[in-house]
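Assemble chains C, E, Y, S and W with the ligands onto chain P, guided by the hints.
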Amino acid sequence: MIQMRETAMLRLLARLGAGLSVLSFSAAAFAQEAATKAAPVPNPGNNAWMMTSTLLVLMMILPGLALFYGGLTRSKNMLSTMTQIGAVACLAMLIWVMWGYTMAFGDGGNGFISGFGKAFLHGVTPASTAATFTSEVISEYVFICFQMTFAAITVALVLGSVVERMKFSAVMVFATVWLTIVYFPIAHMVWASGGFLFEGKMFGTDLPAALDFAGGTVVHINAGVSALVAALILGKRKGYPSEPMPPHSLTLTMVGAGLLWVGWFGFNAGSALEADGSAGLAMINTFVATASAGLFWMLTERVMGHKGSALGFASGMIAGLVAVTPAAGNSGPFGAIILGAVASVVCYFAVSKLKPALGYDDALDAFGVHGIGGMIGAIGTGIVYAPIFGGPGDGSVGIGAQVATQIIAVVVAIVWAAVGTIIATYIAKLLTGLRVSPEVEQEGLDIGEHGERAYN
Amino acid sequence: MIQMRETAMLRLLARLGAGLSVLSFSAAAFAQEAATKAAPVPNPGNNAWMMTSTLLVLMMILPGLALFYGGLTRSKNMLSTMTQIGAVACLAMLIWVMWGYTMAFGDGGNGFISGFGKAFLHGVTPASTAATFTSEVISEYVFICFQMTFAAITVALVLGSVVERMKFSAVMVFATVWLTIVYFPIAHMVWASGGFLFEGKMFGTDLPAALDFAGGTVVHINAGVSALVAALILGKRKGYPSEPMPPHSLTLTMVGAGLLWVGWFGFNAGSALEADGSAGLAMINTFVATASAGLFWMLTERVMGHKGSALGFASGMIAGLVAVTPAAGNSGPFGAIILGAVASVVCYFAVSKLKPALGYDDALDAFGVHGIGGMIGAIGTGIVYAPIFGGPGDGSVGIGAQVATQIIAVVVAIVWAAVGTIIATYIAKLLTGLRVSPEVEQEGLDIGEHGERAYN
Amino acid sequence: MIQMRETAMLRLLARLGAGLSVLSFSAAAFAQEAATKAAPVPNPGNNAWMMTSTLLVLMMILPGLALFYGGLTRSKNMLSTMTQIGAVACLAMLIWVMWGYTMAFGDGGNGFISGFGKAFLHGVTPASTAATFTSEVISEYVFICFQMTFAAITVALVLGSVVERMKFSAVMVFATVWLTIVYFPIAHMVWASGGFLFEGKMFGTDLPAALDFAGGTVVHINAGVSALVAALILGKRKGYPSEPMPPHSLTLTMVGAGLLWVGWFGFNAGSALEADGSAGLAMINTFVATASAGLFWMLTERVMGHKGSALGFASGMIAGLVAVTPAAGNSGPFGAIILGAVASVVCYFAVSKLKPALGYDDALDAFGVHGIGGMIGAIGTGIVYAPIFGGPGDGSVGIGAQVATQIIAVVVAIVWAAVGTIIATYIAKLLTGLRVSPEVEQEGLDIGEHGERAYN
Amino acid sequence: MASVKYIIAVIKPFKLDEVREALAGVGVAGMTVSEVKGFGRQKGQTEIYRGAEYSTNMLPKVKIEVAVADAIAAQVVEAISETANTGSIGDGKIFVFDLATATRIRTGETGEDAL
Amino acid sequence: MASVKYIIAVIKPFKLDEVREALAGVGVAGMTVSEVKGFGRQKGQTEIYRGAEYSTNMLPKVKIEVAVADAIAAQVVEAISETANTGSIGDGKIFVFDLATATRIRTGETGEDAL
Amino acid sequence: MASVKYIIAVIKPFKLDEVREALAGVGVAGMTVSEVKGFGRQKGQTEIYRGAEYSTNMLPKVKIEVAVADAIAAQVVEAISETANTGSIGDGKIFVFDLATATRIRTGETGEDAL
Ligand SMILES: Nc1ncnc2c1ncn2[C@@H]1O[C@H](COP(=O)(O)OP(=O)(O)O)[C@@H](O)[C@H]1O
Ligand SMILES: Nc1ncnc2c1ncn2[C@@H]1O[C@H](COP(=O)(O)OP(=O)(O)O)[C@@H](O)[C@H]1O
Ligand SMILES: Nc1ncnc2c1ncn2[C@@H]1O[C@H](COP(=O)(O)OP(=O)(O)O)[C@@H](O)[C@H]1O
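Protein chains in written order, with our numbering: chain P, 1 to 456; chain C, 1001 to 1456; chain E, 2001 to 2456; chain Y, 3001 to 3115; chain S, 4001 to 4115; chain W, 5001 to 5115.
The shape of chain P in the complex, shown without the other chains:
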């Protein structure tokens, strides 16, 4: 009976397209059940898929993102870029098991964080489970790992705008603060039961819950906006934009892009939390949206009178992946194709026209691709979700209402990320000075900050 009610409610949440597990809720449920029946056991198939997905996301960070970003920097900053990405990811993992997981997915709490009851993974054992969107469960340790990789890659993405000039120590301080005051709360708001945007009805409206299947808002808008703000505070690289700063190895960038695509399925199909048909839908969407976006960027370059470029192809792929993230399980394949194409074209203009126009130095276009692409995706998801566009929605929610919700979620994320980033960046500045000396920037951060050269 209890079980049925729980399942029913979970289904409901699922239908609402809520991004991720409702651990605290189910944990609560367990308590009730304990009396009545044995705890549910994870189906090995779902555990297997979630472990695989977790590793796919890890691969996105190192080597994926490290290569994608690193290839775009100048060779004198290659190791600095790779190491900053790797080290913040490691830091994020340690913080996650200490106070991150409990803040985002612990039990209790309010609409913005879920308390500290699971600090240091208190009470978690190999037998603990986390609920999925059906009556299935997966091992809680697996769920913790899966979510851990999301936190790790999100903070690493932010670095895209500040590489080649930000101190390693500053990066570490920034990451610690930023994860705590920006990432964990936003993840909770969007993905955890009780979360402000997860529950819908924001500001006393009766708007539906926000749709964010795999992190368009939590990961990409969040990272992109934070990257922009951090870059503005940090300032431009010496010589930008007058001095040419061509990517030192587009080969590595292409490799990184490929690994990001492969890994992204852990992100998107993994967010189904099960190896079911919904994961299958997320998977096909992550294929076609990316394919479409990659080709459309090259097409746009042609239309603008340039040659279709390899970097354009790779950038388009990422833009498509970003845009399809919130829509992965919330769209039909053809909705995804459109979404990818639109995001690709818009991001093209963001990085090649908007950025030069405004003159900020978002070194690797973390904002231009993840921020902008994330917004297109978040809002677009409100549209493609509708059945008339081939989406999996049941039509019970009007497109207008859903889009309204999506916009609110976007705005909340933008504001929260911007404010939090200002705080985190200034704390880092206070403690470390934030930026390397002109000499070090000149010589390169590899030798200056790490005492090594990438190539000998």
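No wet-lab data here; the hints were simulated from the structure. Just so you know, not all the hints are guaranteed correct.
In silico SDA-like pairs for lysine to any residue, Cα to Cα no more than 25 Å straight-line [claimed, not checked]:
| hint | chain 1 | residue 1 | chain 2 | residue 2 |
| --- | --- | --- | --- | --- |
| 1 | P | 307 | S | 4045 |
| 2 | Y | 3063 | P | 243 |
| 3 | S | 4037 | Y | 3013 |
| 4 | P | 238 | Y | 3051 |
| 5 | E | 2236 | Y | 3051 |
| 6 | W | 5037 | S | 4053 |
| 7 | S | 4037 | Y | 3051 |
| 8 | S | 4043 | Y | 3035 |
Quick caveat, the model's predicted, so the values are computed rather than measured.
Just chains C, E, Y, S and W with the ligands now, kept in the frame of chain P:
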């Protein structure tokens, strides 16, 4: 009752070693069943394995094949090679969901294509399933994705012979036509129920069905022969063979080879469509055949009075992987070891003696390795399948008959691929001119076609 | 009834934290059961996870280890390093199916090897299964593949100390002998039922069984010690240590480190043999121990008055992975964090102080990281396993007793590996001369031994 | 034919663009540039790899080779000295050679006309 | 000892093999080659990376250095001009220097014998 | 100002460190080094890629450029010949040029003082 009949028939097909799912058939079956019982639900373990396999094949394309091929080109053409591979793969994915899937695995149709009933994935939902070789099912979206990656990598493989001189636009046109008139029909003939070679009894004989577990014929012979024909039409690279054209980075080629090996298990073990013992057999064969082939190529070099080379090792690995593809689930481990060794030795002579002798410019040996290796594998499968060679066959079919069938399948594939490629290439020539200008070829396609350099 | 007894016993073994399957035992059990009931069928979820894990370990070898090691060598020896790694791995796979598997996990035998009953995989079919630590089973072919990759990577790890000067032919001879007299017996002793260290009660004591979840002793201590001994016999590289020998591409080393991390989850979480909560525990430990170790190495560099380096970060990651290997399923997350940190600091001193002090040329620090890290991990596991440190132990075994066992296992491994390596190395010397000529060493092994250059 | 001087200058890499502009300023049509390693008073950064310390004095420099008419040789040297000068050790050197002949491959022109 | 000339030629990379053969033809035993970047009349391709446009005039060239006996210096210049000439801008230059001395390290021979 | 000689030496790469020390020994403050490919009597290893055989005679060499005071030029040549000599073909060459002027960018010093 119906269910039983279906299962029985499926078992039969499985025993016949038929390469892949009989979707249309099962789809039909569903119809019948609908009345009588609920649609079957995929076991998460099988769905998980098939999603993993799908991603493994994606990883084979980008970064796998892009690195393997790219490392073999000159640095001035690195990005061109990688981008052509990535872009045709993306194009193939879009075409697949539009008219590819339905042509190969749709319902109805004839021995050569299966109609357009599932164009634009008409009627597919997260709940749709595809039958495996037992009474199990997997999510149809997953099956579609899995097969999608096969189409994508096959057309990418063809490019191996034409890189460093073929226009990007020509590649795109070629791919569109080639997939439609060559790949989809051959995939249908070999793998789909109703397929000409899948059903056996070709030309009124009572020969058995062709054995092609994971695509020796559909993927490798097909790609290899098409590559040869396209290269002949396109002509040699400027300066070939007089001018030295050493690989610009065998390091990257080795990385690519490694990723291809890892990914190939998606290809081979994934073709079991389940995480069962048959997948396990395909897996161990894909280990040992490759290991044997890699070492035998080096050995052959030694015997021929040269040094065993890294590129030889990598080439051997690929030759072994190609040869074991049709045999993966149709051989015992020691049959696979022999098959790998034989393919490796034969391919060695194909690329280092036959090619120079005939003088065609198969730039990266797509024909020499995939074409030749595929033929060895396809025909060899007819032998190693027999129980006396430790194969899983039940001996009900004589080796002679099976080999006869294999040869027919090979010949059909060769003829079909050759004719289709001629058509596709000339259409591309008509629309794009096919080949870059001598200046661009001189300067390199990276700067000439994409306006970038791979390394700065 | 029999089934129950079997399960009970298996649980017991599992609780003892015994590293791996008890195949022979279960095989025996099947015999009994045969009469009474049908053989158990693998859950696809477990098979799927084990196949995925197997591929993850393969990815660790090629491209993972090949890049990690290769990046650290000088460019003139890049291909030689990659090819030696790839080729010994292939050789190990062939040997494994011939006489390796039966020696380590065959049926019967004694405390040191388990006989030759399964030579050439005698009697193994797609239907054969291997028992896990619960009443579940997985396909025996899958188990064979999984264990095959362990043998392959272990022998490849040994090469880390001898690259840039050891002949390719010598490597092949060495590997053949070493696997046979060192690896297979040690794997049997530690992991197979009946194994000397697996059964506990060594030397008539009533000490518990050794804890080695995923190969701290079998893989890392074994490889590290063998590497040291081989390096001592082989002698230093020409010019070492006077002449600078900086890594030719730390970029590739970082990529390799990333792939090793990702792949290591196959090693560690895969060693649970199921996709269950124990795998989840092994997974989270493999995340946090590595994260902690990577950061602690950089921290140590800072404390020692140097800059935190990229290579330090990567080295720390590996040290942490090595140390957590035996502890993966035998520790709580915070025990793992400590273990990683300690191993990282100790390994730092081993490679940067101990090695120069003693003056041996362990080229890529196979001993300094795998040997030393493995010992820290093996002994540390005896501590963190205890419930008071948050470990999964039930406290029935005292820390002292467990640590005593661990030390015995370490000593046995060290002695066995040292003696076996001396024999294997001298046999290789006898047959091949062991070391390349000074000219070849000067020019580089790529051109001298393989007739190629890595970069053109 | 008017005689020609051949100037080789070794400078700090990041000064290349400035120098090139300066040369264009004094009417130098072209030049040839290569990456070199420089050894001199300037000390390099130490690199450490797993405790192995290399304090190389070989620093990345850029070598400029430019042939100019006698008439402007002095100016050119002047221009390079000024723009490449940071005042810190390692700024580099300028060497001037007499040239026997200079030829433009395309046209066969020699001497000043070849430049 | 008979005096020796030192010739530096900057040519288009793909012409290297031809030039080498031509030199062998006029009896030049050896030469030293390096990759350089050339700046001159010839304009380079523009590269664009995410909208950032770089139209570098620095083009990849090959620099040949060859010491030859006075006697054949003219021939050598001739040979290079002919083979390296494509008639299009950017073919490169040839510079000839007088050499004070040339020494073969292995034997200590000097002058022509050193070549 | 006392006149200066400019010495270009092509040697085997692995001899670089020795030569540098030898030069330091005779009081040479600095030098400029570049990686080049050398073509001469010495034959290169053959490379084979999938049967395509390349027996390049282009061998990796190191080119040293050093300006020194007339006074010690002979010594320097001597020092290089001795240390770079292995007695086997391919040891390389030493070329000596007269220098019109040498300038230290940082200080504007010329002649010997510039070195
Ligand atoms: N005697 C020399 N011959 C040739 N090149 C030299 C010589 N001395 C210095 N150089 C070049 O000039 C560069 C700068 O010289 P250095 O002594 O470091 O500083 P400075 O130019 O301020 O005296 C060196 O890196 C080297 O490339
Ligand atoms: N004044 C110069 N000094 C040294 N090298 C030069 C000079 N002018 C041109 N070069 C070299 O010659 C190459 C070709 O010169 P360029 O003016 O482009 O064409 P052309 O040789 O047909 O006049 C340039 O790329 C550069 O490497
Ligand atoms: N005529 C030449 N001009 C310039 N460099 C030369 C000349 N001949 C040889 N070299 C350089 O000297 C190197 C060694 O010459 P080589 O003939 O191989 O041996 P050796 O120096 O013993 O005679 C060559 O690789 C080349 O770099």
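How the hints compare with the structure:
{"no.": "1", "hint": "P:307 / S:4045", "verdict": "holds (12 Å)"}
{"no.": "2", "hint": "Y:3063 / P:243", "verdict": "holds (19 Å)"}
{"no.": "3", "hint": "S:4037 / Y:3013", "verdict": "holds (13 Å)"}
{"no.": "4", "hint": "P:238 / Y:3051", "verdict": "violated (32 Å)"}
{"no.": "5", "hint": "E:2236 / Y:3051", "verdict": "holds (17 Å)"}
{"no.": "6", "hint": "W:5037 / S:4053", "verdict": "violated (33 Å)"}
{"no.": "7", "hint": "S:4037 / Y:3051", "verdict": "violated (37 Å)"}
{"no.": "8", "hint": "S:4043 / Y:3035", "verdict": "holds (21 Å)"}
Consistency note: the structure conflicts with the earlier hints numbered 4, 6 and 7.
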